[in-house]
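S.K.: Residues per chain are reported as follows:
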Amino acid sequence: MTEVPLTPKELFDYAKSLSDKIRSAETKNSLRIECNNGIGYHTHYFKIDSIFQKWYTNLTKGHLVLPSSKVYSVKTVGHSPFPEEIYRNVTREGENLIIDLSPALKFDFFSIEIGLKMDSEYVKNLVRARAPVETFEDRIHYHLSAQLKSPESLQLGFSDIDIEEFPVTARVHLTERINTHVPDYIKDLVKVNSDMFDERNPHRTSIEIKELDKKRIKLLRKLGKATLEQKIQELAQLLTDAHFTRYLNTQQDFRLDKCERSVELFRAVGMFQLPRFMNVITKTDLNLKKPAAKGDLIYNSRKFEEEVEKIF
Amino acid sequence: MEFFLADDILQGEDVPFYLLWDGKNPKKIDLEISGFDSVKEFHNVAEYTNKKNRYTIKKFHINGYLGGLISTKITKKPLIVGRIRIRFIPEDGAISKFDESRNLYTTSVKMSDAPKSIQLISEAHPERFHLQLKGKTTVFFEIEELEGNECKIDLPQDLKELKEKVRIDIASGFKELEIRFPQHRDTLELILELENSKQSVESLTEDILEKIEKSFEDQEFAENVLMVIFTTVTKHIESRKSLINSLQEYFESYSSNKAYFTNPLLHIYVNKCESCRFAIRIHTFDLNKGECGKPIEIKTTVKSESNYQSPVKDLFTIERKYDD
Chain A
0 MTEVPLTPKE LFDYAKSLSD KIRSAETKNS LRIECNNGIG YHTHYFKIDS
50 IFQKWYTNLT KGHLVLPSSK VYSVKTVGHS PFPEEIYRNV TREGENLIID
100 LSPALKFDFF SIEIGLKMDS EYVKNLVRAR APVETFEDRI HYHLSAQLKS
150 PESLQLGFSD IDIEEFPVTA RVHLTERINT HVPDYIKDLV KVNSDMFDER
200 NPHRTSIEIK ELDKKRIKLL RKLGKATLEQ KIQELAQLLT DAHFTRYLNT
250 QQDFRLDKCE RSVELFRAVG MFQLPRFMNV ITKTDLNLKK PAAKGDLIYN
300 SRKFEEEVEK IF
Chain B
0 MEFFLADDIL QGEDVPFYLL WDGKNPKKID LEISGFDSVK EFHNVAEYTN
50 KKNRYTIKKF HINGYLGGLI STKITKKPLI VGRIRIRFIP EDGAISKFDE
100 SRNLYTTSVK MSDAPKSIQL ISEAHPERFH LQLKGKTTVF FEIEELEGNE
150 CKIDLPQDLK ELKEKVRIDI ASGFKELEIR FPQHRDTLEL ILELENSKQS
200 VESLTEDILE KIEKSFEDQE FAENVLMVIF TTVTKHIESR KSLINSLQEY
250 FESYSSNKAY FTNPLLHIYV NKCESCRFAI RIHTFDLNKG ECGKPIEIKT
300 TVKSESNYQS PVKDLFTIER KYDD
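Chains as they are written, first to last, in numbering that gives the first Met the number 0: chain A, 0 to 311; chain B, 0 to 323.
Among the hints, erroneous ones may be present.
Simulated pairs of lysine-lysine, BS3-like, Cα-Cα distance not exceeding 30 Å [to be verified]: (1) B:240 - A:288; (2) B:271 - B:133; (3) B:58 - A:288; (4) B:164 - B:234; (5) B:58 - A:190; (6) B:302 - A:209; (7) A:230 - A:309; (8) B:164 - A:190; (9) B:240 - A:209; (10) A:209 - B:159; (11) A:209 - A:230.
For the record, the hints were derived by calculation from the structure and aren't laboratory data.
Given only the sequences and the hints, what does the whole structure look like? Please build it.
M.R.: Next comes the structure, spelled out in structure tokens:
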């Protein structure tokens with residue numbers, strides 16, 4: 000099935016066309032957006048009554064026909080008198096999907112859920128979210144929030160809306176904490192090493208170079224048996240997703256999802272770079288009953304600093 | 000009822016707020032702001048009036064929710080206070096009130112005692128430019144050369160040559176990609192425009208990667224771009240040297256108390272017994288890339304008795320005052 004993202008207008012048209020296609024005395028229309036995979040599940044509920052029966056018998060062969068483009072999944076579920084999922088009732092015919100509704104007729108109440116690939120910008124634009132870019136009063140708490148921008152436009156198309164796992168990213172700054180807790184001799188060592196690159200200073204005399212080398216040897220002694228590369232490697236280990244999440248937790252409406260280093264792409268191109276910040280991704284849920292959410296991201300920076308100090 | 004107003008706010012940022020309640024929508028909500036600039040957006044509001052930042056909201060769409068976004072502006076004061084007052088007036092029953100204040104932060108920069116002329120001596124800097132910061136926010140200094148500047152300000156020669164080689168190879172690799180991916184021509188052109196000859200390899204790469212991140216939905220294109228950068232970088236940079244360079248840039252960018260130089264490896268070069276005009280402008284930015292105050296201009300004469308070179312940032316001392 001194709002996966003071209005759906006624009007908001009298409010989404011509403013889609014929902015409307017489905018309602019128009021199926022006549023039932025009692026219907027409910029809901030939209031559940033899974034932000035993790037960018038799929039919107041549009042569910043239409045039907046009560047089987049005389050109106051529905053009449054509509055159904057008028058249909059050719061009892062089939063519902065939908066254009067297949069942008070449809071990710073189709074699920075038909077009977078709810079009452081007993082819950083049961085109906086399998087193998089969807090076939091593809093050219094550009095169309097044919098949904099056979101006859102197995103659903105033994106239920107009083109059933110639903111069709113259609114998964115549609117959503118336009119990611121559209122989903123982002125439904126919500127105003129914020130994480131502070133830096134913290135002042137209390138250096139550990141990052142106050143997070145997310146709220147629906149225009150619930151009314153969603154309500155026009157659907158009686159129920161759930162936005163699940165909406166991501167809010169907080170940038171946790173690392174440079175200052177790393178810099179103030181990596182000892183000076185390491186920084187001096189880096190500087191001496193870099194000064195020793197031949198070309199840097201064309202005026203340098205051989206005496207100066209000898210001085211630099213002496214300084215370097217002295218600094219290396221402080222390092223003990225390990226090399227500078229090994230120490231930096233150990234520092235980089237603290238900044239992996241698995242490790243860094245140990246310094247973090249969340250409260251109230253937000254859940255911790257994962258961390259991404261600001262320099263992830265540097266690694267992809269084979270360069271080493273210490274990250275300036277960590278992107279901490281948190282998730283929250285919004286719906287028409289709870290259109291806004293707040294929570295805290297707590298960063299145990301003291302523990303991080305202690306572990307940086309321990310390396311050197 | 001649940002009231003929320005964001006905090007830890009930089010001047011110039013937009014600040015979200017919301018109010019949630021159970022049961023019926025009120026007859027009206029009065030909302031008044033001061034210190035903040037204006038209400039930029041209302042969420043779930045069908046009708047409202049505004050008289051000089053006093054808002055009255057009478058009609059809502061769904062039940063139980065008022066949201067919004069308040070704008071702020073960067074001022075000369077490192078700290079101003081924004082206040083929001085809300086009166087929730089139900090059809091019947093008691094009025095609920097909310098009154099919240101938030102500090103809005105920025106940093107102001109001043110240069111004190113700019114020396115008329117400076118004698119540069121290696122290792123020690125007896126005279127330096129003294130930058131005085133007021134306020135709590137993180138700042139980045141960017142150095143711009145002014146017309147009439149006679150001192151050579153540049154990256155060290157080895158870094159500059161390296162950067163040039165990297166840039167040329169990336170540009171020629173991108174030319175080939177333009178043919179294979181004509182639909183991404185604009186992105187590639189945009190990346191090549193990033194050229195700033197006094198930027199290090201690390202920050203050039205960072206800028207490029209940031210730009211291509213936006214085209215990442217086309218996986219094949221992104222992989223090809225990364226491959227161009229990868230082959231260029233490994234061709235020109237010995238890994239140990241790359242590690243040392245990037246660590247040096249990282250450690251040196253930080254100066255003190257949340258103040259950073261965006262290009263810490265920029266050097267000043269003065270020849271022996273020469274006296275030259277030193278004319279630069281320093282821009283100060285916050286974490287949202289908003290410019291804090293007017294840039295500071297330095298116009299002075301520098302002299303040296305020997306061939307002198309030093310990072311430009313070492314010509315400065317930085318002092319920060321956190322309180323007003």
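S.K.: Against this structure, judge whether each hint is valid.
M.R.: Consistency of the hints with the structure:
1. B:240 - A:288: Since the Cα atoms of residue 240 of chain B and residue 288 of chain A sit roughly 57 Å apart, the hinted pair is violated (cutoff 30 Å).
2. B:271 - B:133: 37 Å, violated
3. B:58 - A:288: Distance ~18 Å between residue 58 of chain B and residue 288 of chain A Cα, so the pair holds.
4. B:164 - B:234: 10 Å, holds
5. B:58 - A:190: 64 Å, violated
6. B:302 - A:209: 28 Å, holds
7. A:230 - A:309: The hint holds at about 11 Å.
8. B:164 - A:190: 24 Å, holds
9. B:240 - A:209: Within the cut-off at roughly 20 Å; holds.
10. A:209 - B:159: 25 Å, holds
11. A:209 - A:230: 25 Å, holds
The structure fails to meet hints 1, 2 and 5 from the earlier list, while all remaining hints are met.
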